[in-house]
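Undergrad: Starting from the known structure of chain A, fit chain B onto it as the hints suggest.
These protein sequence lines are chains A and B, in that order.
For the first sequence, the numbering used here gives the first residue as 1, with consecutive numbering after it.
For the second sequence, the numbering used here gives the first residue as 273, with consecutive numbering after it.
Source of the hints: derived by calculation from the structure; they are not laboratory data.
Worth double-checking, as some hints may not be accurate.
Unchecked claim - In silico DSSO-like cross-links for lysine-lysine, where the CA-CA straight-line distance does not exceed 27 Å: (1) B/LYS288 <-> A/LYS95; (2) B/LYS403 <-> B/LYS302; (3) B/LYS600 <-> B/LYS569; (4) A/LYS100 <-> B/LYS288; (5) B/LYS569 <-> A/LYS188; (6) B/LYS382 <-> B/LYS302.
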Amino acid sequence: MAKVKKYLVLALVIFVAVITFIPFLWMVSASFMPTGASNTYPPKLFPEKFDFSHYQILFSRLNLSRYLLNSIIISLGATFFSLFLNSMGGYAFAKFRFAKKESLFKFLLSSMIIPGQVTMLPVFLLLKNMGLINTYWAIIVPGMASIFGIFLIRQYAFSIPDSMIEAAKMDGATELQIYLKVILPLCKPILVTLGLFTFMGTWNDFLWPLIVMTDSNMYTLPVALANLSSEHVQDTEMLMAGSVITIVPVLIVFLALQKYYIKGIMMGSVKE
Amino acid sequence: MAEVILKNVGKVYEGKNRAVQSVNLEINDKEFVVLVGPSGCGKSTTLRMVAGLEEITEGEIYIDGKLVNDVPPKYRDIAMVFQNYALYPHMTVFENMAFGLKLRKFPKDKINERVNEAAKILSIEPLLNRKPKQLSGGQRQRVAVGRAIVRKPKVFLFDEPLSNLDAKLRVQMRTELARLHHQLETTVVYVTHDQTEAMTLGNRIVVMKDGIVQQVDSPLNLYNNPVNQFVAGFIGSPAMNFIEGKIVNDDGIKFTSEKNTLQIPLDEKVFSKYVNSKITLGIRPEHFSDEDNTVNKIKVTLDVVEQMGNEVFAHFAIDGKPIISRLKPKDTYRIGAEVEISLDKNHFYFFESETGSRIA
Chain A
1 MAKVKKYLVL
11 ALVIFVAVIT
21 FIPFLWMVSA
31 SFMPTGASNT
41 YPPKLFPEKF
51 DFSHYQILFS
61 RLNLSRYLLN
71 SIIISLGATF
81 FSLFLNSMGG
91 YAFAKFRFAK
101 KESLFKFLLS
111 SMIIPGQVTM
121 LPVFLLLKNM
131 GLINTYWAII
141 VPGMASIFGI
151 FLIRQYAFSI
161 PDSMIEAAKM
171 DGATELQIYL
181 KVILPLCKPI
191 LVTLGLFTFM
201 GTWNDFLWPL
211 IVMTDSNMYT
221 LPVALANLSS
231 EHVQDTEMLM
241 AGSVITIVPV
251 LIVFLALQKY
261 YIKGIMMGSV
271 KE
Chain B
273 MAEVILKNVG
283 KVYEGKNRAV
293 QSVNLEINDK
303 EFVVLVGPSG
313 CGKSTTLRMV
323 AGLEEITEGE
333 IYIDGKLVND
343 VPPKYRDIAM
353 VFQNYALYPH
363 MTVFENMAFG
373 LKLRKFPKDK
383 INERVNEAAK
393 ILSIEPLLNR
403 KPKQLSGGQR
413 QRVAVGRAIV
423 RKPKVFLFDE
433 PLSNLDAKLR
443 VQMRTELARL
453 HHQLETTVVY
463 VTHDQTEAMT
473 LGNRIVVMKD
483 GIVQQVDSPL
493 NLYNNPVNQF
503 VAGFIGSPAM
513 NFIEGKIVND
523 DGIKFTSEKN
533 TLQIPLDEKV
543 FSKYVNSKIT
553 LGIRPEHFSD
563 EDNTVNKIKV
573 TLDVVEQMGN
583 EVFAHFAIDG
593 KPIISRLKPK
603 DTYRIGAEVE
613 ISLDKNHFYF
623 FESETGSRIA
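Looking at chain A on its own, in the form it has when it is part of the complex (with noise of 0.2 Å):
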């Protein structure tokens, strides 16, 4: 009984598993047909033959190669500096004894609440006056620190032993020698967790590179991709190009650092 029971779950999830699978599998292999073959009648899973074409043409006549760039840059720049200032503010939060901690803490966790968009206004004004907009910063800057990402970072620093901390400290590190070579790299699985929700977020973003960058050399993909939607709209293949080349590079960082994020998510939540 335990055993159909055992197989009866997994047809379930093999099921599940391939009903997300197709419209991925479909996008890809869409891209790949020639123009028009994907609207054909009945539906084809798998182009006839491979055609390239519509990648030749996203990367030589629509310049995405420019916005490929754009959003490398910005989703690593941002990661960097909120890995670089989150973790700092949650170790800082963990670890320190200051006044006013606590409270200090719960007010901004409080500020949580406050749904992103309606600080969209004031951030913009904000960057405007600061000469950002259409610069990387403009995505960058309101990016650098989370009170998500200090929050994860706290709960996790929460965990290293004081005693460590101390060790070093009787070994003559300085606190900044402290944070660096002790408490950076015990809280890599957590950093590369921060640094993945990061990416991604800033990756897949959409609606901020649209308000922030106005001339359409600084788009990012995603950006990039809603305009050709609607120039494009008759041209499903080269559509389905350009969701792959969105989709690719956040689906190989995500796979490489899966180890590390699953690691993340768990630790902390049982003490070893």
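TA: Leaving out everything else, chain B in the frame of chain A:
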């Protein structure tokens, strides 16, 4: 190589909780001093103040003649071994031990030399390339000690270093620490709650309770001449037995236990002024005997008998209070057996019941 001096050192947490109260202590060069006491007695706080990990609320601490109150740990030239080892999990054993030297910008060959030397002393040479999680508890402890000795500090601080080890390993590491101290000839301040560790390791022992130093003395003196009931009860295993009673003048000065089970004639000169005051009699387990049954003898029923082979711990009750005696092993000691036991009058300790201070 240095002496450590504490003058009226006190610690108050957040203006109200007093953890340590005016500790005065002179730890000589190359001396092994053990701070011992129950948890919460302030021993760890005292150690951490010497280390520089806790601020000193009152008093002064001198290391090697230099006032260190405001000197951060890294400039105090001390090393500390923590209870939970506190090894850096992302570094190998070698890197763990070399970390302090690297931060102090030692040249590479010097670091190698120091680490290898320490590894040899602690017999952890084959482990140098492993990570801490691949080590057993005892090995981790050695690495923690190694990390301390590579720096060749003036003073070693140990904060309950053996509490996380199993009983057998603890005994083994204890011996090794004693040997190591002999070999390195460095000043050691060692904190433990285990009186056996204190007795076996310390040149001198500092017994603390509620943030106050009760007595500072050599192990034997502490054992034989405790200044109060707390020290008497804390040092020694099994612990000293205490029998509540009072001094009466009934046909001569006598100590009588609460239910009159025990009546002990006493020296009038010393005890006459305590007539009618509550007194506690302390007697160590080994000062009971079933051989010399002429004086201070009582008949007891054994309720637990622990045969150790070379000795036997016989438990019984006086006035309904549990008493442990340490006797020579005999087959006749069984649960329920009636035995006549005498108390050695040369080894009585008397304490004022209220204050716990020693009378005689």
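Undergrad: If a hint holds in the structure, say so; if it doesn't, say that too.
TA: Hint check results:
| no. | hint | verdict |
| --- | --- | --- |
| 1 | B/LYS288 <-> A/LYS95 | holds (22 Å) |
| 2 | B/LYS403 <-> B/LYS302 | violated (33 Å) |
| 3 | B/LYS600 <-> B/LYS569 | holds (17 Å) |
| 4 | A/LYS100 <-> B/LYS288 | holds (19 Å) |
| 5 | B/LYS569 <-> A/LYS188 | violated (70 Å) |
| 6 | B/LYS382 <-> B/LYS302 | holds (25 Å) |
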